[in-house]
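**Q** All chains should be built: construct the whole structure from the sequences, respecting the hints.
Number of protein chains: 2
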Amino acid sequence: MDPSDEQRSASSSSHVFVHNPHLDAMKDDILYHFSLGTKTHDLPAMFGDVKFVCVGGSPWRMKSFIEYIAAELAMEDPKSDYPNICAGTDRYAMYKVGPVLSVSHGMGIPSIAIMLHELIKLLHHARCTNVTIIRIGTSGGIGLEPGTVVVTKQSVDATFLPKFEQVILGKTVVRNTDLDLSLAEDLLQCSKELNQFETVIGNTMCTLDFYEGQARLDGAFCAYTEKDKQDYLSRAREAGVCNIEMESSVFAAMCKLSGLRAAVVCVTLLDRLKGDQLSSSHEVLHNYQMRPQVLVGSYIKKQLKAKMQRS
Amino acid sequence: MDPSDEQRSASSSSHVFVHNPHLDAMKDDILYHFSLGTKTHDLPAMFGDVKFVCVGGSPWRMKSFIEYIAAELAMEDPKSDYPNICAGTDRYAMYKVGPVLSVSHGMGIPSIAIMLHELIKLLHHARCTNVTIIRIGTSGGIGLEPGTVVVTKQSVDATFLPKFEQVILGKTVVRNTDLDLSLAEDLLQCSKELNQFETVIGNTMCTLDFYEGQARLDGAFCAYTEKDKQDYLSRAREAGVCNIEMESSVFAAMCKLSGLRAAVVCVTLLDRLKGDQLSSSHEVLHNYQMRPQVLVGSYIKKQLKAKMQRS
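The listed protein sequences derive, respectively, from chains S and P.
For the first sequence, our numbering assigns the number 1 to the initial residue and increments by one for each residue that follows.
For the second sequence, our numbering assigns the number 312 to the initial residue and increments by one for each residue that follows.
Read the hints as simulated data drawn from the structure, not as lab findings.
Every residue gets a Cβ at the ideal spot worked out from N, C-alpha and C, and that includes glycine.
If a hint is listed, it holds; no wrong ones were tucked in.
Restricting the straight-line Cα-Cα distance to at most 30 Å, the calculated cross-link-like pairs of lysine-lysine (BS3-like) are:
| # | chain 1 | residue 1 | chain 2 | residue 2 |
| --- | --- | --- | --- | --- |
| 1 | P | Lys-540 | S | Lys-27 |
| 2 | P | Lys-482 | S | Lys-229 |
| 3 | P | Lys-540 | S | Lys-39 |
If you anchor each label on the Cβ, the simulated ranges turn out as follows:
| # | chain 1 | residue 1 | chain 2 | residue 2 | range |
| --- | --- | --- | --- | --- | --- |
| 4 | P | Val-485 | S | Arg-127 | 45 to 51 Å |
| 5 | P | Lys-503 | S | Ala-71 | 55 to 61 Å |
| 6 | S | Lys-27 | P | Glu-594 | 20 to 26 Å |
**A** Written out as structure tokens, the structure reads:
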């Protein structure tokens, strides 16, 4: 691949792009962390109809999402049985209902990156077209009422710059972290129509660490003061950061490279200007965590309805 | 904490160190990703006797390890029931038998770092002393027969330097990644006595990505040639790198800061000079993955036997 290809948006075509000339020469491709492969599974038959992929950290949440979306789309299995497609491994969990795929990705950039490499190859091998991918997650908010949903405009790093640094052969390559603005606006519009909770569009800071990396005072190590923390978070807020999580930058970068229309929709579980610990009740946190699911479920339903009316 | 404290080894005392003056002021401490807390759980009663902590990526493997160690130490539960102590969350799984704690950490530096922050606080709150911690994992080998076990001397980054860069308040702090050499030598000696598989001591490269970050040719993106890959891996080998994985650097750094005697024991699943895909049979890979468990099980058994003889 020519380096200049890196920044080429693949939006001119509706296919899922891999950028790897070596793949063609491989007799078969083992997607090890999914326990799937081109020789052992008929990927076009299993996944060829996928139009929406939703990803999130927790395997439980991604199972709950597929149950929720099945009910929303009136595609429930009468036995309510949604088998884990990746049952041969415990690295990730994957569920499917109709055109919707739900995949867990664990916590942090490296964990979601392994999943995305194999997911992009899966969608490529399955010859999927016009795929939209949305990360539904949790985050810490900055100056927002807990429970607010943030749709990410740009993912920024710990210095508030919109870039993702990928190390390749020991050298750093900088990648763009823009997300699809029209998709973000469609999601915001959906939230207005739902009118159940507050949703905003803003920048999301993506860090490599949950404690020191996010200026928390409650980790095993902390060499800074409450004032240092407040100063840092205030600077983040001034730079347009609405929330902090740990996967959006590589998600944005890899989806852009592969031509996937992508969004990040995270609920804020607390206001980091007011605290660090997640001390809300289980019920409150559960309710908050449902919000990205409800919003994305509503969006998918609307899209499928519009498509049916067109055809 | 004074910055100079960062490099202070805590080996002069047998306690587990947190370096965070803010913790004392907290009424209670919620270890959110374990679903445990100081107010809701009696941590000294639950964990005060812990002397060995084994951590690994896969929750299944860490459950299998506790079953294995229970049998090795003749401490089996007659019902063979080893409940997941973190059953309230799906972020990590945790099991305990006697003085041995087994905890999963997911994949990648951020995922293991969240776990270690909360584990170090847990051991601190439980007032544990003389704790040894060992990561048992899988890795790609460089020029080693697949199935070889590598005990890490130093964890090095993608440029082969023995350091871990932690971003704090947007600024990079460099931390030492030395592991306990006497523990590594004890483990090597155990392997010689077992005489079941090859074990070596060497450097381990820790990367943020499994595909481009480890010079694989089979990811969704690859802009380099087979020759570029071989050149990079050859340079790694010349720098003393025996294997590549994704957690050792932050593990070494955080254990050193908290005064935990630490080792990394990873089996190599393939020789990266000869390929990228994990195409060995399920049985062969399973056998390889047992080796760090067998080695560490043997070490723990020997230590406990020696302790009994002393007392």
